[in-house]
Amino acid sequence: MTAGTVARQHTAPAHRRAIEGRSPWALGWMRLRRDRVAMFCLGVIVLIVLVAVFAPLTAHLTGHPPNEQYRSTGLTPDGLPRGPSRAFLFGTDDLGRDILVRIAYGARISLLVGVAATALTVVVGVVVGLAAGYLGGAVDTVLTRLIDVVLSVPFLLVAIALVSVTGPSMTVTVLVIGFFSWASMARIVRGQVLSLREREFVEAARSLGAGDARIMFVDVLPNVLAPVIVYTTLLIPVVIVVQATLSFLGLGLAPPTADWGGMLSESQAYYTTAWWFIVFPGAALLVTTLAFNLFGDGVRDAFDPRRDR
Amino acid sequence: MVRFLIRRTALGVLVLWLITLSVFALFFVAPNNVGRTLAGRQASPETIALVEHRLGLDQPLWKQYLHFLGHALRGDLGYDYYHQVPVIRIIGQALPITLSLALGAAVLWLALGVFNGVVSAVRPGSAADRGLTVFALFFYSMPSFLLGLLLLYFLYFRLTLSGHSWFPAGGYQPLSAGIGVWAQHLVLPWIALALLLAATYTRLTRGSMLDVLGEDYVRTARSKGIAERRVIVRHGLRSALTPVVTQFGIDLGQLIGGVVVIETVFSLPGLGKSAIDAINQQDLPVIIGIVLFASAAVVVANILVDIGYALLDPRVRLH
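Protein sequence lines correspond, in order, to chains A and B.
Letter by letter, the first sequence follows residues 82 to 390 in this note's numbering.
Letter by letter, the second sequence follows residues 6 to 324 in this note's numbering.
Next up, chain A with everything else stripped away, as it sits in the complex (with noise of 0.2 Å):
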């Protein structure tokens, strides 16, 4: 955000002119491709989704399918996981499986957890904040009291509590944190709508006789993009947290799939003999979470001009 900042400031204006006559989104692209932090994570990302996409293909060139356990060849003889070796790159877990093919296929599941979660949030929190905003009235106030409930309840002891209930899943994972995460988009959704009904171009469509769902989603909705955006890109890794949280309170997958949270679960009872077990998994989880809110925090940058420093 920084150094992105400092050199947008002393080249705007060699570039005022060319600036002109550009979309907000070709203008907000232009600051972000310039961000050089941001495009280095974004990297880190592209990499770590063909490490996940390609994850068989670890398997395939180590020779050792990701729940395979070596018991011979990946344990010592008092059964306890062996370190980084060429056989083994990152060790062995307390099963002797090979710890970097579970981390690989470990990416799959935070990966597609935190893209569909992010994506149902998205969708739920943007319809109710719209029609909170723009229809006003009962729904508004309706939508409001429910949005308030949501906000103050406990959200990881009830998600907990509902995973321990209905069984864990992936399916329950991406549900139980869509329905807890809706909440704060559609505030901000709401915040935004409200100013964007008064505006003249609302009015325009109304008299031209659009009905209040185009208004809604056609001309409403691509003002709060922005923002909208913006908070999609920090809740991913949010996301990705709170199902390696779950995971690691043994509320995630069932074993023996592999995902960083219940690896780095299964490693506490090893963190004094084996570092490798803990310290693998953890710098995934980290890079990945990492990547993503720096890259987060450069598309805000960009994108919401207002918040620009």
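Everything labelled a hint here was simulated from the structure, so no lab data went into it.
You may find that some hints are simply not true.
[As the list claims (entries may be wrong)] Chain B residues, not near chain A, derived (Cβ > 12 Å throughout):
1. A48
2. A54
3. W67
4. Q98
5. F143
6. Y161
7. V186
8. I231
9. H240
10. L242
11. G262
12. A283
13. I284
14. Q286
15. A302
[Unchecked claim] Here are a few chain B residues that face chain A, going by a calculated C-beta distance under 7 Å:
16. V18
17. V20
18. L23
19. L26
20. A30
21. F150
22. L297
23. V303
Heads up, the beta-carbon is just placed ideally off N, CA and C, and yes, glycines get one too.
Position chain B relative to chain A; hints supplied.
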């Protein structure tokens, strides 16, 4: 002001009622096997039915709910299924632990967050600003359980190995055991929680300080020749702290309801850990009691924040 207060309180009560309703409904979505667990594996269906009858689990759902609500209104949250301990007492025992954790960490994260935010804002774009931003984002991105495990590894395990057993691995000692012992057992969880939360405050303080330092009255103060340090603290920080106070109220409300992950990692039997234990046992009265208490903490914190806002800014009262 009084009307504003009444309206906010009524709203808070409504929110709490909706929460009891949803949490109650939640636990009857899935088949509940408390009777079987309690009666034991070998129990006959009659015994199980008897246990369920004694706990009122054979009653229709709405009757169970009304029964629960009636008692809750009188401050009685029921008894836990397994040991017949009043839920209020379970909360009462866990609360001091969670409070010790949350309040101690709050001092640390406020000091760290506000100080870093001010340093960043005074010279935006400087090396210090960039360094602190990275520092904040690093811990902001860190999952709480990972930070907890790392602290345990380095500050408990490695230190103890090298002969400095300064920090215990976890557990809780009450204040009555001596303030030193109490604090020693809480230092690592405090650090973990503070680092995780300080990031938000650094960014919040930085943003709002930058806004305030651009105001005319700050320029006026500077042009009057007031020392820079005084301008920053007295004129700048004072008004820049409003959003920080808001966030602080909200965060504290959330934390008082239980710090689930940190309490689990450091084996602190606070509200969060008690809730997890209850969830694993399907101990419904305890779960509802803690969730309700935690929601109440959030609701009360929000009301306090709103009152603070209304006192600071009269325009808020009109909504």
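Here is what the structure says about each hint:
1. A48: holds (23 Å)
2. A54: holds (22 Å)
3. W67: holds (19 Å)
4. Q98: holds (18 Å)
5. F143: violated (7 Å)
6. Y161: violated (9 Å)
7. V186: Holds, since 24 Å exceeds 12 Å.
8. I231: Correct as stated: the minimum Cβ-Cβ distance to chain A is 24 Å, above 12 Å.
9. H240: holds (19 Å)
10. L242: Label holds. Min Cβ-Cβ 18 Å, cutoff 12 Å.
11. G262: violated (5 Å)
12. A283: Non-interface label on A283 (chain B) violated, nearest chain A Cβ at 9 Å vs cutoff 12 Å.
13. I284: violated (5 Å)
14. Q286: violated (10 Å)
15. A302: The claim is violated: A302 (chain B) sits with its nearest Cβ about 8 Å from chain A, within 12 Å.
16. V18: violated (12 Å)
17. V20: Constraint on V20 (chain B) satisfied, holds at 5 Å.
18. L23: With a minimum Cβ separation of about 5 Å from chain A (threshold 7 Å), the hint on L23 (chain B) holds.
19. L26: violated (10 Å)
20. A30: This interface hint is violated because 11 Å lies over the 7 Å limit.
21. F150: Constraint on F150 (chain B) satisfied, holds at 5 Å.
22. L297: violated (10 Å)
23. V303: holds (4 Å)
Checked against the numbered hints given earlier, this structure breaks hints 5, 6, 11, 12, 13, 14, 15, 16, 19, 20 and 22; the rest are met.
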